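Turn these sequences into a full structure, and let the hints guide you.
Yeah, the sequence shown ends on 301 if you go by numbering that gives the first Met the number 0, and it's all consecutive.
Be careful, since some hints might not be right.
Said to hold, decoys possible - Label-pair distances were calculated between CB atoms; the ranges are:
(1) 301 - 10: 35 to 45 Å
(2) 127 - 267: 49 to 59 Å
(3) 231 - 36: 43 to 53 Å
Hints were generated in silico from the structure; no laboratory data involved. Please read these numbers as outputs of a predicted model, since none were measured by experiment. All residues carry an ideal CB built from backbone N, CA and C; glycine is no exception.
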Amino acid sequence: MSNGSLDFDFDMAGVDRAELLAKTSQTIQALDAELGADAASMQASATDLFDHLNKGVARFSAFPDVIRLEEEHFTKHGLPVPVRFQELNRQNQFFWLRFPITLFAPEDMPFNKLECAVEFNPGVADGYLRPRAQMILPDRKFKQYFEANTGFELRINENFEFEAGSPKLDLSAGGAHVKGQAAADAKAAGKLGFVAGPFTYRLKKAIVDHSPVGTEKVLWRLTGAEFFQEDDPTLIVVLQVPRAVKDVKIAAALQAYHQFNPWTSALGKAFRYLTKRDADFFSKGAPLRDPATWDITPAILA
Numbered sequence: 000m001s002n003g004s005l006d007f008d009f010d011m012a013g014v015d016r017a018e019l020l021a022k023t024s025q026t027i028q029a030l031d032a033e034l035g036a037d038a039a040s041m042q043a044s045a046t047d048l049f050d051h052l053n054k055g056v057a058r059f060s061a062f063p064d065v066i067r068l069e070e071e072h073f074t075k076h077g078l079p080v081p082v083r084f085q086e087l088n089r090q091n092q093f094f095w096l097r098f099p100i101t102l103f104a105p106e107d108m109p110f111n112k113l114e115c116a117v118e119f120n121p122g123v124a125d126g127y128l129r130p131r132a133q134m135i136l137p138d139r140k141f142k143q144y145f146e147a148n149t150g151f152e153l154r155i156n157e158n159f160e161f162e163a164g165s166p167k168l169d170l171s172a173g174g175a176h177v178k179g180q181a182a183a184d185a186k187a188a189g190k191l192g193f194v195a196g197p198f199t200y201r202l203k204k205a206i207v208d209h210s211p212v213g214t215e216k217v218l219w220r221l222t223g224a225e226f227f228q229e230d231d232p233t234l235i236v237v238l239q240v241p242r243a244v245k246d247v248k249i250a251a252a253l254q255a256y257h258q259f260n261p262w263t264s265a266l267g268k269a270f271r272y273l274t275k276r277d278a279d280f281f282s283k284g285a286p287l288r289d290p291a292t293w294d295i296t297p298a299i300l301a
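So this is what it looks like as structure tokens:
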């Protein structure tokens, strides 16, 4: 899925991952003469590698959470209703979307990069019928918080934008408790509707990049091995839906990349016999891909 100024690092279009792994294994097992005395050890290493790569999991784990954003989400927290929200709300509706993701990688084959793309009403030619991402999380504008590896307090401010600040810590609970609860609090925010008042958001140290906000597509790229030591990531979109729109469909895809370099491993010699596309697949981290489509129209019309 092409998305603004970003694309997936490896194009999985037309690639059957299980088939590619099986074919590569067969290729290496047949390289007795080319690999010489190293053939047996390399073939055993290849079998072990592919066994590990087949154990990874990267997928959307559930239907997105969908919550309509209304004025009461501000007023019940004692916050003024943003003027920009009032203006836009005349011709649009707004929804808080959370995309649950499940990630699992073997300890010695961890992930170090995640890409996730979502597109709203794909295939609809009329731009005025395309919902747009008004706000997203994680957003690279909060870079300093991600680098500091700390939780931070978020709210939607009077300009109808996410605004961050230091969280109010409960010292009686202890910093460790707050730190451990931060990611769970972010997920609870999406489920319970705490979408305007302050809530805690936390993303373990990561480099965040994404396509431009305000379009009908979003692509996130999250990199950094430490990031994947966290609970599964929380990806959020505040979606602007024109009131003329009666159907909202989402096309999505994610790719998770393993942290390993086959060229510097014991298998480096064997991988030289692969096609360029197959070799690139392994060089880029043998990504797992999960596509998904959802129709959230019932939630929009509710």
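Consistency of the hints with the structure:
1. 301 - 10: 35 to 45 Å: holds, 37 Å
2. 127 - 267: 49 to 59 Å: holds, 53 Å
3. 231 - 36: 43 to 53 Å: Holds: the Cβ-Cβ distance is about 44 Å, inside 43 to 53 Å.
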